[in-house]
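Engineer: Okay, here's what each chain looks like letter by letter:
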Amino acid sequence: MSDLRQRAWDAAATVVDPEIPVLTIADLGVLREVTLSAEGVEVAITPTYSGCPAMGVIALDVERALAAAGIAGHVRTVLSPAWTTDWMSEDGRRKLLDYGIAPPAKTASRRALFGEDRVACPRCASLATERLAEFGSTSCKSLWRCTACREPFDHFRCH
Amino acid sequence: MTGSITIAESPLVRVVLARADDALILGHRVSEWCGHAPILEEDIALANLALDLIGQARSLYALAAEAEGAGRDEDQFAYLRDERAYRNLLLVEQPNGDFAVTIVRHLLFSLFIDAWWRAAAKHAEARLAAIAAKAEKESAYHVRHAAEWLIRLGDGTAESHARAQAALDLLWPYTGEMFETDASGVGPDPAGIRDGWDAALADILAQATLTRPRDGWMQSGGRAGRHSEHLGPLLAELQYLQRVHPGASW
Numbered sequence: 029m030s031d032l033r034q035r036a037w038d039a040a041a042t043v044v045d046p047e048i049p050v051l052t053i054a055d056l057g058v059l060r061e062v063t064l065s066a067e068g069v070e071v072a073i074t075p076t077y078s079g080c081p082a083m084g085v086i087a088l089d090v091e092r093a094l095a096a097a098g099i100a101g102h103v104r105t106v107l108s109p110a111w112t113t114d115w116m117s118e119d120g121r122r123k124l125l126d127y128g129i130a131p132p133a134k135t136a137s138r139r140a141l142f143g144e145d146r147v148a149c150p151r152c153a154s155l156a157t158e159r160l161a162e163f164g165s166t167s168c169k170s171l172w173r174c175t176a177c178r179e180p181f182d183h184f185r186c187h
Numbered sequence: 472m473t474g475s476i477t478i479a480e481s482p483l484v485r486v487v488l489a490r491a492d493d494a495l496i497l498g499h500r501v502s503e504w505c506g507h508a509p510i511l512e513e514d515i516a517l518a519n520l521a522l523d524l525i526g527q528a529r530s531l532y533a534l535a536a537e538a539e540g541a542g543r544d545e546d547q548f549a550y551l552r553d554e555r556a557y558r559n560l561l562l563v564e565q566p567n568g569d570f571a572v573t574i575v576r577h578l579l580f581s582l583f584i585d586a587w588w589r590a591a592a593k594h595a596e597a598r599l600a601a602i603a604a605k606a607e608k609e610s611a612y613h614v615r616h617a618a619e620w621l622i623r624l625g626d627g628t629a630e631s632h633a634r635a636q637a638a639l640d641l642l643w644p645y646t647g648e649m650f651e652t653d654a655s656g657v658g659p660d661p662a663g664i665r666d667g668w669d670a671a672l673a674d675i676l677a678q679a680t681l682t683r684p685r686d687g688w689m690q691s692g693g694r695a696g697r698h699s700e701h702l703g704p705l706l707a708e709l710q711y712l713q714r715v716h717p718g719a720s721w
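Those sequence lines, one after another, are chains A and B. Numbering-wise (the numbering used here), the first sequence opens with residue 29 and increments by one. Numbering-wise (the numbering used here), the second sequence opens with residue 472 and increments by one.
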């Protein structure tokens, strides 16, 4: 990777998800690639969900991060290949757990979408948990509760 | 932005607009539940479903605009086309009714579009296939959510059963339009997914102890811009701001 591309990547990689501020867009796999063209640096990002309202903020934050690093560039949104929770880094999964959100199961196959009946509580690690609602505070999360420690928690849905 | 726009509809634009208008109009309908759903969790769920649909609509309108090549954007497609230029199914513009009507409408449509997206992800124009690959993950959750509710309502109390059956009977004449043949080759022919839809629905209805209505005369016309009386008022609300204050942004 050229020096400019690396600096642009490093700058963009500091941007956090406004809904889950412990995760950077690099942790999430939302940051896809940095390319160089005649018009300058182009940073490609991909939405987690089609309707993710954080994308606008993320694009602005990336432009701001590039500007702060003295790099002229713009952001492009790409849809293909479609984002999957498998792109979330191990570091990202750990940070999510520390934040109190149960991370998604690995291998987001279509079957796995519907196989998440055992989610460990992020607080006490018990598997005695139950789903309260398919859709939680954001598109990417569902709402669960732990019957061992009695705490409700968010689960980052497999996607 | 100025007055109404007329789109030059190539086969690609037409297919993409049908998908986009279905998503936008159903997304708008579902969003009408925001703050009114029977329980808080469902209020949030419905808002999320609407968000998925409107997000899909944005990607699709952006593609339609690019394919048209007239320099328009997704907002102009949503806000400046008249009722007769909308290509959505009559099913998705039907009013929310009671909760059973909303759930039945969502299931009938989601089962259809989930199968179409999955087929389109493999066999469609490349940019449409990219949107399909993203949307099918979302529609899979829509099917599961609506099916769980319909089973709970159908196999619930006498009242919820009666309402679920009435909703199914009410909306059934709008299902035929989904499977009208599209031979453009831009994406999968909807006629080809009817058998799979029937089988998946039969399984859910059996669990819900509901009876599949008999196929009779089917409503049609949405794809050609001939809509029911319900789309006009919806568009009036949806487009009001951009029509009164052209180009307004914040």
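Some hints here could point you the wrong way.
Said to hold, decoys possible - Just the calculated beta-carbon pair ranges, DEER-fashion: (1) B/Cys-505 to A/Glu-158: 43 to 51 Å; (2) B/Val-715 to A/Val-106: 32 to 40 Å; (3) B/Asp-666 to A/Val-44: 27 to 35 Å; (4) A/Lys-134 to B/Asp-666: 48 to 56 Å; (5) B/Glu-651 to A/Val-106: 57 to 65 Å.
Unchecked claim - Covered by chain B, per the in silico footprint, the following chain A stretches (three or more residues, Cβ under 8 Å): (6) 156-163; (7) 174-183.
Just so you know, these hints were derived from the structure itself, not from any lab. Here a beta-carbon is modelled for each residue, glycine too, at the ideal position from N, C-alpha and C.
Engineer: Hint by hint, note whether the structure agrees.
Structural biologist: Against the structure, the hints come out as follows:
1. B/Cys-505 to A/Glu-158: 43 to 51 Å: violated, 26 Å
2. B/Val-715 to A/Val-106: 32 to 40 Å: For B/Val-715 and A/Val-106 the Cβ distance comes to about 35 Å; the hint holds.
3. B/Asp-666 to A/Val-44: 27 to 35 Å: violated, 47 Å
4. A/Lys-134 to B/Asp-666: 48 to 56 Å: violated, 34 Å
5. B/Glu-651 to A/Val-106: 57 to 65 Å: For B/Glu-651 and A/Val-106 the Cβ distance comes to about 33 Å; the hint is violated.
6. 156-163: Since three or more residues must qualify, the claim that chain B covers the segment 156-163 of chain A holds, with 4 doing so at under 8 Å.
7. 174-183: Check failed, 0 qualifying residues.
Figure legend: structure checked against the earlier numbered hints; hints not met, in rising order: 1, 3, 4, 5 and 7.
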